[in-house]
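Q: Sequence:
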Amino acid sequence: MRHIVLIPWLAVAAAGCNYESGGGTAPATDSAVMTDGVEATAGDGTSTTLGATGSATGATTEVAVSYCHGFQAAAGAPFLSLYIVGGELLTDGAQWPIECSEGRWMFGLYPSLGGWDPHADQVRLTVEVDVEGYELDSEHHFFSDEVDYHIGCDNPWAGLIGVAPVYLPEGVSEPGQLDGKPAKVLVTVLAGDMELRAEASVTLSAPPDVLLQGCTSP
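Residue numbers (the numbering used here): 854 to 1071.
A couple of the hints might just be wrong.
Cβ pair distances, simulated, as ranges [claimed, not checked]:
id : residue 1 : residue 2 : range
1  : M1047     : P1071     : 37 to 43 Å
2  : G1005     : P1061     : 37 to 43 Å
3  : E1023     : G1067     : 15 to 21 Å
4  : G1033     : E988      : 29 to 35 Å
5  : G1045     : T1069     : 24 to 30 Å
6  : G1029     : E988      : 16 to 22 Å
7  : K1037     : N1008     : 29 to 35 Å
8  : H993      : S1026     : 18 to 24 Å
9  : L1064     : E985      : 19 to 25 Å
Because the hints were derived from the structure by calculation, they are not lab data.
The beta carbon of each residue, even a glycine, is placed where N, CA and C say it ideally should be.
Please work from the sequences and hints to get the whole structure.
A: Right, dumping it as structure tokens:
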């Protein structure tokens, strides 16, 4: 099942537009790049403007193409990095904290990526999470899905922005049983004809003091 990432105004610590989430921020800005011989310039918030020839007389029109939420089109090479809420890089040995989102518990992945021009306001992330003893989906993962991750600077009328959510599967009725469990995370994305991978061996964090706060829709 493929998810389109939508739930209002959850912002990303590693986002290109410097939104805030969990009290942390991380800047991600773009610079001038060449796309098919046309200069693309971007300033704060990775807003890119492309020049396009409009007629046989040589008239030029400006078409705005903007990227945000951690996408840096002008990076020197294609890259994909993952962060957790608060801005910490998701690396081997990291604690991956549980979060509440619109009445559902989740573990959030906050991507930073770029180095190519997708000419779209979404990129598709393939997310797989393995937890020993919790081979719960049809492919024997704890979680696996494709997420259409929004990288445009426009804001949908509703939607989870700046995060790829890993929701708890139906087979997990008590989130507390995941606390301290080791997990392996793998996220891939196509950058043109290149597959980018980000992976880490982490520890799930679902402590009682967080769970006692409950998780309900606003």
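Q: Tell me if the beta carbons of G1029 and E988 are separated by a distance inside 16 to 22 Å.
A: Given a distance of about 20 Å, which is inside 16 to 22 Å, the answer is holds.
Q: Starting from the range 37 to 43 Å, see whether the pair G1005 and P1061 falls in it by beta-carbon distance.
A: holds, 39 Å
Q: With respect to the beta-carbon atoms only, verify the hint that G1033 and E988 lie 29 to 35 Å apart.
A: violated, 18 Å
Q: Okay, H993 versus S1026 on CB: inside 18 to 24 Å?
A: holds, 20 Å
Q: Using the C-beta atoms of K1037 and N1008, is the stated range 29 to 35 Å upheld?
A: holds, 33 Å
Q: Could you check the hint for me, namely that L1064 and E985 are 19 to 25 Å apart, CB to CB?
A: Distance hint for L1064, E985 holds at roughly 21 Å.
Q: If I claimed the Cβ atoms of M1047 and P1071 lie 37 to 43 Å apart, would that claim hold in this structure?
A: 40 Å Cβ-Cβ, so the 37 to 43 Å window holds.
Q: Falls inside 15 to 21 Å, the C-beta gap from E1023 to G1067?
A: holds, 19 Å
Q: Taking the beta carbons of G1045 and T1069, is their distance inside 24 to 30 Å?
A: violated, 42 Å
Hints 4, 5 from the list above are not met by this structure, while the remaining hints are.
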